[in-house]
Structure formats: C-alpha cells, structure tokens
Amino acid sequence: MSYKSDIEIARGASKALIQDIGAKIGIGTEDLLPYGHDKAKVSQSFINSVQSRENGKLILVTAINPTPAGEGKTTTTVGLGDGLNRIGKNAMVCIREAFSGAKLWYEGWCCWRGLCADRSHGRHEPAFYG
Amino acid sequence: MEDMNLHFTGDFHAITSAHSLLSAMIDNHIYWGNDLEIDTRRVVWRRVVDMNDRALRQITASLGGVSNGFPRETGFDITVASEVMAILCLANNLKDLQKRLGDMIVAYRRDRSPVFARDIKADGAMTVLLKDAMQPNLVQTLENNPAFVHGGPFANIAHGCNSVIATTTALKLCDYVVTEAGFGADLGAEKFLNIKCRKAGLAPSAVVLVATVRAMKMNGGVAKADLGPENVMAVEAGCPNLGRHIENLKSFGVPVVVAINHFVTDTEAEVQAVKDYVASQGSEAIVSQHWEFGSKGSEELATRVAEIADADMANFSPIYPDEMPLADKIQTICKRIYRADEALMDQKIRNQLKEWEDQGYGHLPVCMAKTQYSFSTDPNLRGAPVGHSVPVREVRLSAGAGFVVVVCGEIMTMPGLPRKPAAETIMLNDVGEIEGLF
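These protein sequence lines map, in sequence, to chains S and V. Each residue of the first sequence is one higher than the one before, starting from 0 at the first, in numbering that gives the first Met the number 0. Each residue of the second sequence is one higher than the one before, starting from 0 at the first, in numbering that gives the first Met the number 0.
Just so you know, not all the hints are guaranteed correct.
[Stated by the list, open to error] Below, in silico cross-link-like pairs of lysine-lysine (DSS-like), each with a Cα-Cα straight-line distance of 27 Å or less:
#1 K171(V) - K23(S)
#2 K14(S) - K295(V)
#3 K88(S) - K295(V)
#4 K223(V) - K88(S)
[As the list claims (entries may be wrong)] Facing chain S, a subset of chain V residues (Cβ under 7 Å, in silico):
#5 N143
#6 P145
#7 K223
#8 A258
No lab work stands behind these hints: they were computed from the structure. Don't be surprised by glycine CBs; every beta carbon is placed ideally from N, CA and C.
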C-alpha cells in the first residue's frame, strides 16, 4: 500500500477561507488580520475583549522518550483536535511554529528544518508524519 | 503549506529583528563611551540568525579599527534559541512582554553586577518590533478545524511550548483546547506543567501520553532496522519507559490516557501487549489511527479524552513550590522525574545558585536542558534506568523569561547543516511551484 507524502496531501485537499475558520470560533472578520487567504493573526483588541469569559478544558499531549522510530506527538495533537470536532465538540489545537510535523496545511518542518533535513538519511517514515 | 515551512507570518523575523536591535544597541552603547561600565569581556547577549550556520558559533566582532568599536568575542545562536522567543511565548500581554524584555540580563560590569536590557533602553523599541508577532496565528487543519500555531522556543534551554497568549486565548474560545509540549514527558510535560502552567495559571484537565509499538520495541532493545517483524517480547520489554512516564504525570495530579499512535505495520498482539501493560499500571490505552483515517481514526480517543476532561478528575499542582531553593528544585526533578539518585552540583554551581537567590531570583522555576532520549543523561540508555546520577555542568539565568536553565549535557544553540542539506534539492519548477519540500 502506498501513502501520499505530507506535501501531496496538503496540496491536494480543500482549504477553507480563514474567515470561515475564524467564524467557527467566534472571531469576526474585523478581528482577523489575514496573511494571504488561509492564515491570519488574531487582533490584540479581540484577545482583550474575551478575557472575562470562562475557560475551556486544557488537554496536554506529551510522549514517551523520543526514539528514531518516532512517536507522533504533533500528529496526535492535531488528530485529537479533529477527533473532538468530529464528535461535535467545540475544540481547537495550539501548537508551536517550527518543530511541528502535523497533518496541517502548514505541515511542519520549519524554515531551517525544511531546508536542512539530512537527505542522505532519507525522508521520514512512509507510514508516519513525524 | 510552503508558507509555514518558509516565512509563515514573519514572527521569527520579528524576533530576529528585536534580538538584533538589542545586540546592536549594546555595542553602540560601548562605542559611545560605555556609561554603564559594561565589562566587554562579560557581554552575555549573543547575536541570532534564523539559519543553521556553524561558521558563526564563535566570532570576533567589531574588528577593523577605531570607527568599528571595541573588538570582542561573541557568537550567533539560531533565532529559536533567543531569550526573546522564550519571552514572547511566556508573556501574558504586551505590557508583560515589555517588562520581561527589560528584565533580560545582557552583560555584567567589572564588579559582576548585571546590566539589563532596560538599562540599554532597548525594551520599548523591541516591544514595538514584536507587537504583531505577539498575536496568535490562526490556521486550519486538513479537516478545516481551527488551530493556533504560535511561537516555538527551544525545548532544552527554554520551555518548548507554544505561546501562553495562544493557549489562553484558545481557552476563551473553545470548550476543549489540545496542546503539546516538546520532547518526551520527562522534559516537555515537566516544563509545561512546572513552568508554563505555573506562570500562566493554567491547569490541564487531562494528559494524553503518546506511545507507539515501534518505540516500545526500540526501548526494548530492537534496532531501527529490525522493527518490521512482530516482536511482542520486545514491546513488553520496552513498556517500563511508558510506565514511568504514566507514574510521573500522575504525580502532578492529572489523569493520564495513553494514545497508541497506530502504524500500519503494528500487529494486534503487539498493540494488545501495550494495552495490557498500561492497564496493569492503572491507566488505559486507546489506539488512534488518525494518521491513516483522519478524525475517524481518532474518534474513540477523542470521546474518552472528552469524558475524562469533563469529569473534572484533575487536581493539578506543580511538583515543587516557588519558595523551594533552586538547588532543591533541581534535585526534586532529578529524583522524582528522572529517578536519579541525585543531581551532582559542584561548589561553583551551588555558589552561583545562591548568588541568584540573594539577588531575588530564588522563586524562579528551573528549566532542565538534558538529552531527550533517556531519563538519564546518557542518550543511549533507553527504557527506565535507575541508579544513575545527573551531573549539572552549568547554570544560566534567563531573567526575562523567568527561569534558571540547568545544563546537564551538550547543548547546541546553533545547529550546523548536514553533509547533504535538503536545500540542495529545493527549487522552483517551470510552473512556479516549490519542489523539494516534503
């Protein structure tokens, strides 16, 4: 069985406008500062305006000691976020820039890792996101 | 996708700019008469660039004569290693950001008294440069669900979590927020719980501990090349690593669920072996097949995690109080998390910690910089080692970020490129698409 690479998946899937994504969690167009059509910063004034709200539940994803076999922490973080949405929960994920290797549009491998990964050791496992 | 690999929303560039402004202002201050009496041999603020460039690890700056200043040794780190990155990720708001930037120690005088970024008067302009970078970036997952991707501090000399502002904002917008911490639970979760949660007043409702059958096998002594065939005994032999993480996480008062991140090569017997082991530790393990099937594959995990979070079973508290002396905080982590007999600290290190306590930094948490591959300081020692000790080589004060870095091994803050960098095969094709990213 063959699997698509991360970039093939990301390029092949259908992207929503970032305004529609913002609307899902109650961020209006006026509070999104778009960078292109598919990503945006959230305005400071919006952040200030929600401070009195109740907090949701925080779930931490962590892992065993890393091995070269890979554990998939970021992939699981995103998978769990999508799973919660699938069962009708209002959920989102928060991850780092740079070190992620998630099944996001903006799949991980930050600037320096993307540019600098050691090709002599091959790419990451065919059955794994990293 | 390419954007995230490359420039994204420019946060890293903003951090590099803010960091570089301070670097330039320090040498400029010295050039124009050095009113602060900075000892040029003791400027601890290095420079940063967002590129793996080993040639810059150690440099001599200000060469070339009188008009270029006073030559001194310094060096470059990669941007994510900047204290500015750690601060951006721990600041609660812009005011807090500026205060923390001002609190950074950039140099010492001949009498060893610290010179702060505030003394250089750089904190205001740095905050301006970072104003937009402080705003979380909203993106979407493959299934069009919202995600904040914001901040990326090193997980060794810093705490390795996304920004506090992204997490706290997400908590105001959603019923459930899923976040992660760098490296394994001994480093990443420990720092998330003892540093980030403490500083931001956060308390997780549940912790998901990710394990794979393959990693259990490696912990059980199987080489990477031999991971293919079924090997239940190796899985069982590797499970104590998982067991120790479960026990450690529970000691923070948080409920733990193990997620077995499923690989298509895993056999049923191997998966069952992990499940049985986890059950014997009083926890439960759930297989998640999100890699292969997306959210359909993580539905069971999501359902259970939501149930646990909703049950309010957590009674979270960090494993050491603010007022504990710094050396004792280090011992606490080494003994309770790494299960070492002790942390070894020579007199010089103990004196340094004492000096910082006298200067009012004793309440800070400690940020361990140690190999992520083992509970011990030996990266080859997998499983659940006992009887080891943790030698502390060096301690560093990140006064702005607000932690004491405890260096217990080789720490690389400026990586190099490999023999064959991926950059060699990255290019634009005839239709303008990027090739060579993966």
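Quiz prompt | Hint check, failures only | solution = Those not satisfied come down to hint 4.
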